[in-house]
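Asks: One letter stands for each residue in the lines below.
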Amino acid sequence: MTDDTNRLKIRTLEDADLGGIIALDEKISGLYRPDVWETRFTYYMRRDPEACVVAEKDGKVVGFMLGDVRAGEFGLEEPTGWVEVLGVDPGERGQSIGRRLAERILDHFKASGARSVRTLVDREMTGIEQFFTALGFEPAPVRTYVRTLQEP
Amino acid sequence: MATRQTRIPEPFHKAVERWRDTFIPDFDLLMDNWEKYFPKDPRFELCAFRELGICDEIECGELKGKQKATQPEQLLPEQAQHLLGAIKAQASTEFGSIQQHMHTLARAQTEQDQFWVLRMMAEELRHGYQMLHLLLDGDWSKVADVKGAEMVEEILSMTTGSHVLGAFNIDFDSFVDNITFCCLIDRVGKYQLDMQRISAYKPFGESMPQMLREEAFHLATGVVPLRRWMEAAGQGEVYITTRDIQRAINKWLPRGLEMFGDERGGGTNVRYGLKPMKNREAQDLYYHEVEKVVRDLNMRYVRARLPELHLAEAEDLLDRVLAEGTPVRGIAREELLHLPVKEFFRRRGEPAFRMVGWQGEEYDDAEAYLRHLQETLPDAYRANRDFRSYAEALRKVAAGEVSADEASREMPSLRRIGGTCPCSRSVRWVVDEVPSNGEKRLDPIEQPVA
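Chains as they are written, first to last, in the numbering used here: chain A, 1 to 152; chain B, 1001 to 1450.
One chain only, chain A, in its complex shape:
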């Protein structure tokens, strides 16, 4: 275990982390989107705070993963853990931060009675696809269909 790994703390999301997540998103996307994250953040904090985790290093948020356990999505009646959104600081990659976040959230899903975990991955985001594959995720037979309703 490296020194950097020792300085890393994985913990449940707190409301005071919002600023850190907005900053992290800005580093990744180049966009300052406080309102988007505030709405999303408040929603997850209210639903299942323990299914939302952050990685903290030297007091700064360097990764996060938000999810929850739901039943009834797309006819999937059994309680299922959903990983909705994740992000890792580009400058902190290569330290298994994503894996450690996932391990923590998966433990919570299991304790909450979920028997499987699902997520949606854009095929063009190969890095994300590889990340979930390395964690033991497999492509599911359910496919996403989309139709545009309005011409741009």
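Where hints are given, some of them may not hold.
[What the hints assert, rightly or not] One side only, chain B facing chain A, incomplete, derived with CB under 8 Å:
(1) L1219
(2) L1311
(3) D1364
I should point out that these hints are in silico values taken from the structure, not numbers from a laboratory. For each residue, glycine too, the CB sits at the ideal point set by N, CA and C.
Here the structure of chain A is known, so what remains is to put chain B in place on it, guided by the hints.
Replies: For chain B alone, coordinates are given in the frame of chain A:
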């Protein structure tokens, strides 16, 4: 994890509903508009929740590894006393905060702010109900010589001034107080709930997870409007200034710090497996978290004021203004929020009645210190009884007439005298007499935190 939902016996349930009708008169309005403001959330229900499947063994202290108690009579006598003090204090705070919020609720600038606070009040009622459930579910008379029904009656009869913890005895002066209170005082509540998850009394621990989920919304009820107000202030809006917010922080943060109990205490709770941390350790974590919130609020201000800045530039600017104290790109240090030092304006705990300014400067003259408080606390708050009592006590301490410890205990509070009937009007300001034999009187605040 699964939860079990239950109700307290009907007469008590009805008593809580009557209490609700008095102190949350807009409850029906909340329920009529629930889907409009909280479309994705389950509707509010007055009931108690118990999380199933939590750890059966005591998780800290001298009894670590032994089975958690499921009935009051399984607790050690002193352990039971401490726990009962914590449950009563918790119940008192839940009902107490509703009484504080109700007076200024209608002054919210936006409907959303008003409905968020209203929902928070309803959930605080449920938290109080959860504590009543704990008092009624077990037979406490065997360990505390008091029946659950008597304790419930006492709790439901408390009003602002007679609650167990100081922060719940201070009136709100404006809607800024509603919001700052949610941000700072509910945050203390989050720490207490989180620590109590491991309680050696299993029904208490089982009560915490749902309360914590709800508490997350209460914190958002505070922080979300504060962020919006800081952005508006950064854009030059005149309604709520950073000065107003700073003064509200100065008013509430000292009371929040005191809610953790004396910095030197907390060992008994750890020893008995009731909480995993002593008071100072928990208080330090809280203070550090508030520091992060204040920085976040300042970042909102800077980004709103100078939208052309990127993240790194905004962070650098904020650091420079705070460190150097000179304006950078037109933003002065005085425009930003600052976290008062822990010793500021304290009346309980280790720094009680020490004359320390909000930025750490020390005073040796009571009048000079009071003038400092005049400049740093909200105008309306200084006009009320709570501040006057503090000022009078401070003068006595500075003159050597009483010790800080005695002054802490002599602070007057509103008390219900002559019965505990909820319809009683017999509430008066009273000062407890210090026993003539010099014996240390039990301070209610020490009950849950010793």
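Asks: For each hint, tell me whether it holds in the structure or not.
Replies: Cross-check of the supplied hints:
Below 8 Å, beta-carbon pairs count as interface contacts, and B/L1219 has one with chain A at about 4 Å; its hint therefore holds. Contact between B/L1311 and chain A, as hinted, is supported at the beta carbon level, the nearest pair being about 5 Å apart and thus within 8 Å. A least Cβ separation of about 35 Å between B/D1364 and chain A goes past the 8 Å threshold, and the interface hint is therefore violated.
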